[in-house]
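Participant: Fit chain B to the supplied structure of chain A, relying on the hints for placement.
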Amino acid sequence: MTDMVSTQKKNVVHHVVSWLLRNHIWVFLALTMAVFSFASPYFLTLNNIGNILTQGAFIGILAIGMTMVMIDGEIDLSVGAILALASALAIGLQDHMGTWPAVFLGLMSGAALGFVNGSLVALSGMHSFIVTLGGLIGIRGIVFVYTGENALMVQDFSYTEIPEIYIGPLSLTAMLFFALALFFQWVLTSTRHGRETYAVGDNIEAAHDAGINVKRHKIINFTICGTMAAVCGILLSMRLGTAEPNAGKIWELWTIIAVVLGGIRLTGGFGSMWMTIGGVLTLAVLRNGLRLLNTPNYVELMVMGAVLVLALSLDKLLNHQEDGR
Amino acid sequence: MNFDLNAMLRRHGLVLAFLVFLVGVALNTDAFLTPGNILDVLRQVSITGMMALGVTFVVLTGRLDLSVGSMLTLLTVIVVDQHNISGPFPAIVMTLIAGLAIGAFNGLLIGFVRLNALIVTLAMLSFLQGLVLFYSGGSNVNVQNAQSTWFAVFGRGNFLGIPVPVILFLLGAVVAGLVLQFTTFGRRVYGVGGNETASIFSGIDARWTVFWTYVISGFTTAIAAVIMGSRVMGAQNTIGQGYELTVLAGVILGGTSMLGGSGSIWRTVIGISMLGFIQNGLLLLGFPYYVQWLVTWAVIIIAVWIDLGAKRGRIFA
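Protein chains in written order, with our numbering: chain A, 662 to 986; chain B, 3 to 319.
Just chain A, same shape as in the assembly (with noise of 0.2 Å):
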């Protein structure tokens, strides 16, 4: 009977390094804001807390896209345009439609382009870095024709007052961010799409031998990135009140940093959304607390380009990650 208890015990024990093993950015997490309520005596307030979380919401909703289209073992670097045209079209449809059509629309824009970028990949056989690079020039250059070159400006400001819903300290962009990530963590494990992910992405071949329709699936997962990525820009459209052509500029690169930070490899075939939650809250906290130390923009820069090597370096270390490129 002891027995039974103690090796149920190590299980358990077992069972937490494991995880911790996996998912060691919850502990790195950990130790930064520990670092922070240290350093700061205005970080470890509820004010601070909820903020962080509304700052780190809008890269957030943008990695839960690029996880499921990771995981996949492919990658989506189109994101940051494709949020500066939903947000320019919920904007600057809204006077001769009102507000919800434009909103519905700038969404609209976002699967339908997703939709393309998932559609290239899948019948051409092409890299999607390739196919999502030209995205990115390609639909930065229809918003840049679309604006005029000009910021829009919101007419009906009571626009900007929909997300100002708050529970306590959470928002409403950041209780979407975390609605949003559950969803599809549910879909990752317990719907027959979420398994076909993570084969496609470990065994593209195998998948396919399975039955699973690759082609198609890939498309729905570029077009759920797309999708995030127009609730994103809208979202900060309503933030703003204006739609800018440069909105959301290298934010595809912030929100791969966060995924990576996560654990996720870009070899496919693993991560889940705990892993991208964790590093896009360690973004957000690293961002957040350096700021509050009155640090330079630079060394904003230059830390987080050493925690992410140092985080690659980790999983490696860790998990024994093999393939070099």
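Keep in mind that the hints were calculated from the coordinates and are not lab data. Bear in mind the structure is a predicted one, so any value in this text is a computation, not a measurement. Built from N, CA and C at the ideal position, the CB exists for glycine as well. Keep in mind that the hints are not guaranteed to be accurate.
Claimed, not checked - Not everything, but these chain A residues come out facing chain B in the computed CB check (under 10 Å): (1) 694; (2) 783; (3) 794; (4) 973.
Facilitator: Chain B alone, transformed into the frame defined by chain A:
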């Protein structure tokens, strides 16, 4: 004479399509196919082209270098600032050394520690941009004696009527092409890119090969920075932002495979020049500036798809 039209179309379809485009634009504008305009376009592409030469080596091993944009910013700031402090010659030497050092650091992490190239160079993109702001304190730098310094020759000079940057670019292309085709190192680069495991079993030290490709990439970016600094006679803190993507677009457009092992320098020269001529042609035809980006998107997709389809023997995957 055995003339296989099909095979030729497959091999050079991209170049032929490009020639059709050139003729099309030339028929609709007077200014396009004039020596002056052609030299202008070549001068515009010489900086990205120079960087693309080094990046081609990296891509041929199946890896990526996203740090070249930030590196260009940093090195341009260094060359301009040091020009004011210690004169043109030391400034150029320092810039080249800095470029080699950054490249070596990339190469160390990717070749020897074997970390993922995309992430490492992405981290470097962020880190180097931070270093730029640290070095310059956030302000722009300018060459103080811009009118009198011989430093101007790299970006603004002409030799026998041809702009010096164009000469440097073409010279660099010839050297890089020769290295790739006729040296052991060149063959090793193709070997590592084609099949890394097989190359290691054939006695190639993949670690050193990868290391040197990043050093080369850093070196060509340093030369590009010298040209850039000399051309602008100053440097903003974001002067190279986004260049990594333009460079990569040019390399890919030329048909060098992202998987490694297939491609060449002349393809990169063609790809980068195509980007330049397409943008110039669209402007001369009177399209709004940003329509170029849309067309670039379409051209990249179509070009790479055709290239891939030709190799595969059918259009769809």
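Participant: Each hint: holds or not?
Facilitator: Tested hints:
1. 694: Hint violated; residue 694/A Cβ to chain B Cβ min 22 Å, cut 10 Å.
2. 783: holds, 7 Å
3. 794: holds, 6 Å
4. 973: Hint on residue 973/A: holds, closest Cβ of chain B at ~5 Å, below 10 Å.
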